[in-house]
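Residue numbers (the numbering used here), protein chains in the order written: chain A, 39 to 174; chain B, 39 to 174; chain C, 7 to 308; chain D, 7 to 308.
It should be emphasised that the hints constitute simulated quantities derived from the structure, not laboratory data.
There could be a bad hint or two in this list.
What the hints assert, rightly or not - Counterexamples of contact, computed for chain C against chain B with all Cβ distances above 12 Å:
#, residue
1, A113
2, I125
3, D188
Stated by the list, open to error - Simulated coverage check for chain C against chain D, where a stretch passes if three residues somewhere in it have a Cβ under 8 Å from a Cβ of chain D:
#, region
4, 64-75
5, 114-120
6, 162-175
In this text, a Cβ means the ideal position worked out from N, Cα and C, and glycines have one as well.
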Amino acid sequence: MAGHSDIHEYLADFEDIPGTRVYTAARARKGYHLNQFAMSLMKPENRQRWLADERAYINEWPMTQEQREAVLARDYNRLLDLGGNIYFLAKVFSTDGLSFVQAVSTMTGMSVEDYQAMMVAGGRSPEGQRSIKGDS
Amino acid sequence: MAGHSDIHEYLADFEDIPGTRVYTAARARKGYHLNQFAMSLMKPENRQRWLADERAYINEWPMTQEQREAVLARDYNRLLDLGGNIYFLAKVFSTDGLSFVQAVSTMTGMSVEDYQAMMVAGGRSPEGQRSIKGDS
Amino acid sequence: MAKITAGVASSHVPLLGVASDQGKDRDDYFGPIFAGYDWTREWIAKPENKPDVVILVYNDHASAFDMSIIPTFAIGCGERYAPADEGWGPRKVPDVEGHPDLAWHIAQSLILDEFDMTIINEMDVDHGLTVPLTMMYDKPDAWPVKVIPLAVNVVTYPPPSGNRCWSLGEAIARAVNSFGEDLNVQIWGTGGMSHQLQGQRAGLINAEWDNMFLDKLIGDTQDLRHVPHIEYLRETGSEGIEMVMWLIMRGALGKSTKCLHRHYHVPCSNTAIGHIVLEPVDGSVPPSPTLEGNNDAAQAAI
Amino acid sequence: MAKITAGVASSHVPLLGVASDQGKDRDDYFGPIFAGYDWTREWIAKPENKPDVVILVYNDHASAFDMSIIPTFAIGCGERYAPADEGWGPRKVPDVEGHPDLAWHIAQSLILDEFDMTIINEMDVDHGLTVPLTMMYDKPDAWPVKVIPLAVNVVTYPPPSGNRCWSLGEAIARAVNSFGEDLNVQIWGTGGMSHQLQGQRAGLINAEWDNMFLDKLIGDTQDLRHVPHIEYLRETGSEGIEMVMWLIMRGALGKSTKCLHRHYHVPCSNTAIGHIVLEPVDGSVPPSPTLEGNNDAAQAAI
Ligand SMILES: [Fe+3]
Ligand SMILES: [Fe+3]
Numbered sequence: 039m040a041g042h043s044d045i046h047e048y049l050a051d052f053e054d055i056p057g058t059r060v061y062t063a064a065r066a067r068k069g070y071h072l073n074q075f076a077m078s079l080m081k082p083e084n085r086q087r088w089l090a091d092e093r094a095y096i097n098e099w100p101m102t103q104e105q106r107e108a109v110l111a112r113d114y115n116r117l118l119d120l121g122g123n124i125y126f127l128a129k130v131f132s133t134d135g136l137s138f139v140q141a142v143s144t145m146t147g148m149s150v151e152d153y154q155a156m157m158v159a160g161g162r163s164p165e166g167q168r169s170i171k172g173d174s
Numbered sequence: 039m040a041g042h043s044d045i046h047e048y049l050a051d052f053e054d055i056p057g058t059r060v061y062t063a064a065r066a067r068k069g070y071h072l073n074q075f076a077m078s079l080m081k082p083e084n085r086q087r088w089l090a091d092e093r094a095y096i097n098e099w100p101m102t103q104e105q106r107e108a109v110l111a112r113d114y115n116r117l118l119d120l121g122g123n124i125y126f127l128a129k130v131f132s133t134d135g136l137s138f139v140q141a142v143s144t145m146t147g148m149s150v151e152d153y154q155a156m157m158v159a160g161g162r163s164p165e166g167q168r169s170i171k172g173d174s
Numbered sequence: 007m008a009k010i011t012a013g014v015a016s017s018h019v020p021l022l023g024v025a026s027d028q029g030k031d032r033d034d035y036f037g038p039i040f041a042g043y044d045w046t047r048e049w050i051a052k053p054e055n056k057p058d059v060v061i062l063v064y065n066d067h068a069s070a071f072d073m074s075i076i077p078t079f080a081i082g083c084g085e086r087y088a089p090a091d092e093g094w095g096p097r098k099v100p101d102v103e104g105h106p107d108l109a110w111h112i113a114q115s116l117i118l119d120e121f122d123m124t125i126i127n128e129m130d131v132d133h134g135l136t137v138p139l140t141m142m143y144d145k146p147d148a149w150p151v152k153v154i155p156l157a158v159n160v161v162t163y164p165p166p167s168g169n170r171c172w173s174l175g176e177a178i179a180r181a182v183n184s185f186g187e188d189l190n191v192q193i194w195g196t197g198g199m200s201h202q203l204q205g206q207r208a209g210l211i212n213a214e215w216d217n218m219f220l221d222k223l224i225g226d227t228q229d230l231r232h233v234p235h236i237e238y239l240r241e242t243g244s245e246g247i248e249m250v251m252w253l254i255m256r257g258a259l260g261k262s263t264k265c266l267h268r269h270y271h272v273p274c275s276n277t278a279i280g281h282i283v284l285e286p287v288d289g290s291v292p293p294s295p296t297l298e299g300n301n302d303a304a305q306a307a308i
Numbered sequence: 007m008a009k010i011t012a013g014v015a016s017s018h019v020p021l022l023g024v025a026s027d028q029g030k031d032r033d034d035y036f037g038p039i040f041a042g043y044d045w046t047r048e049w050i051a052k053p054e055n056k057p058d059v060v061i062l063v064y065n066d067h068a069s070a071f072d073m074s075i076i077p078t079f080a081i082g083c084g085e086r087y088a089p090a091d092e093g094w095g096p097r098k099v100p101d102v103e104g105h106p107d108l109a110w111h112i113a114q115s116l117i118l119d120e121f122d123m124t125i126i127n128e129m130d131v132d133h134g135l136t137v138p139l140t141m142m143y144d145k146p147d148a149w150p151v152k153v154i155p156l157a158v159n160v161v162t163y164p165p166p167s168g169n170r171c172w173s174l175g176e177a178i179a180r181a182v183n184s185f186g187e188d189l190n191v192q193i194w195g196t197g198g199m200s201h202q203l204q205g206q207r208a209g210l211i212n213a214e215w216d217n218m219f220l221d222k223l224i225g226d227t228q229d230l231r232h233v234p235h236i237e238y239l240r241e242t243g244s245e246g247i248e249m250v251m252w253l254i255m256r257g258a259l260g261k262s263t264k265c266l267h268r269h270y271h272v273p274c275s276n277t278a279i280g281h282i283v284l285e286p287v288d289g290s291v292p293p294s295p296t297l298e299g300n301n302d303a304a305q306a307a308i
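All chains should be built: construct the whole structure from the sequences, respecting the hints.
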């Protein structure tokens, strides 16, 4: 199997996309309990307990303290770095009553108004956003 | 796709084996709640409730009355006809404290002693047991 | 005999469900999006087009499946499915009625065809499945079609390759063709088009690439089979990968297709909306290559 | 580099677990069965043979999976697994420790190779997995090996074909070969041999067929790929179908094998016990045929 190109090369490419964390096994493992915590907010009784005392509720989950603080701060970029997946994290911001646009815009460094204006104008161009190495 | 041989032919063959019910989709659908009931006996608290009052416990499950009576009678051949699967039904006879040999022998029309003697002597021969049509 | 008569693709942005549920679907923002579905709503209501069953290819967004179990391809063989609670209560839309006879037939056929399906009998269905129903049928008291959910993992990497998705579509067509009952079956591919919901690059839209993708669903090219995951990610944002699900739909339509209707709009929330209605021209698919399964040559080899 | 150094097959009759747990494993009934494993216990304890990780192919017997979800191929990527309660309390054997690094590597590689895996992070494991550990390791305080559970559906029809199982084995070998860490990996196939646990035909045993099957695991023949399900059912009883799982083990050993040890005994409970230890002679497997994945030709085609 000379010249064999495998899962390592496949995964390595994913680290070359600007401002993007692809949800690979490495991230899924790191974020396991963080994401399971977020998932628990699909049940109304859990949402109530969470809203009543966020810190008490999150302390029940076997997450790192860093992950807990990032959830409490609603720091979504940080949460992605700590293994969060956006569809799981969506249970957190949905419980806050935020839409995808409101929550997602917080990760871009733009105000929600500027972000929305960018979207209405056709969205973020892929030019210069495709590759870190290739700078294209 | 002329000459196409498909899932229908694949499944039809299974009805040609003497004294055997292959656990196909048709059986899995018929026995769905029967098997889910049996599965519930994996939990000790359910086993206790079941042993305390079998009829009350089984009436909680959305099964046919025929399935319920066959369970209460431990009629395993009947249960196979009604969509039961042996690995699910095993939770019922395990809860009764029966081994696989004890429970399985009840389906053969043999006493457990005769069945065990047959096994020690090398088991049931496949001769004449392979096909209903082919009689081989 | 059952037959796949059409393929439909559509984005499934959750906000479209919200817009419909709150009666905002004809306002300035959503009007142009929903207007692009008017043609389809009229077409699908005509008796000659009305499907009996839709095989609805979608992905679960951390609703039915959490991290404890991640099936690559899961087919719903159950009687019915309730809308999932995604964090703000379940959508107030009808339950989704299944078609267990056809679903089990397809599931069994696919496994003989060497697709390693996960069979699901009980699950809730999220916006990925209910939003396309809304787009096609508006707000009926009951969905006027039975649905076979086909959930694809596009969240945890790797999702299935484009080639695998296309081949699955072909195998679905073989399975439908061998079902005895007369049924008008449609297959829908959902998700996409370009969008990225995460990080500093969120909001990415690539109208040019999206339209190339729509172009290549039409006719007889199979180029899209060979688009690697990294291209979806670079060109269409991290959630653009959902488009691999459209290839299951395309594969099921066979050798060549005709476009009946096409719609593209930016934006809806963070996403480019794409919608296409395709009809098979030559619906033939290759015979099954498997040994256990489906053709004379294979049977002879046993 | 990780490497598959041996393949082991063994029946996994629950009664063997009971015999071991109750100290009856050397009585008149069980003695001859366990005696056939003495060679293996000695062999596997030698430092040069001792595996770091076992990929343990087995089937769940309505323990971790009920009828609500039925994965064809499920791979355990979790940290650990507890013995399941099968109706008389869990076996008092150690928890099973996983190897998430290798398991995720294999899972990801298999999906690129177009196997539609279900990834499992949490589950209990039943006799199908714990009995083979007992047979190979007796009663240690902790299992001296890490285990990657690979659960195959052989309960609800259709199970995967023999050919699909063999091909999965080949893909597992490719995946293990591309794992960076030095690991001695074994693969075990469990279940079988002939047995039927249901109906008037229960107790069926076919020693001749079983021994033909054992013969054909050795050397370079690939005949067993092509045995259809109906043959297992007719010849070896309805539960003999479990033997397709042995083909995953055999496929992973590559082109040709040598037999190091072999054992066959009738009966154990309702079942014929079979056990074989194989070593790859030429462990080469075909390159990945997929586009997204694994070889130069495929990559060039993209
Ligand atoms: Fe989506
Ligand atoms: Fe078994």
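The hints, checked one at a time:
A cut-off of 12 Å between C-beta atoms contradicts the statement that A113(C) is not in contact with chain B; the least separation is 7 Å. Remark: the non-interface label on I125(C) conflicts with the geometry, its nearest Cβ contact in chain B lying 9 Å away (cut-off 12 Å). Listed as a non-interface residue, D188(C) keeps its Cβ farther than 12 Å from every Cβ of chain B; the least gap is roughly 16 Å. Coverage of the region 64-75 of chain C by chain D holds. Counting CB-CB distances below 8 Å, 3 residues qualify, and the rule asks for three or more.
With a cut-off of 8 Å between beta carbons, the region 114-120 of chain C has 4 residues touching chain D; three or more are needed, and the interface restraint holds. Given as covered by chain D, the region 162-175 of chain C passes the check, having 10 residues with a CB less than 8 Å from a CB of that chain where 3 are the minimum.
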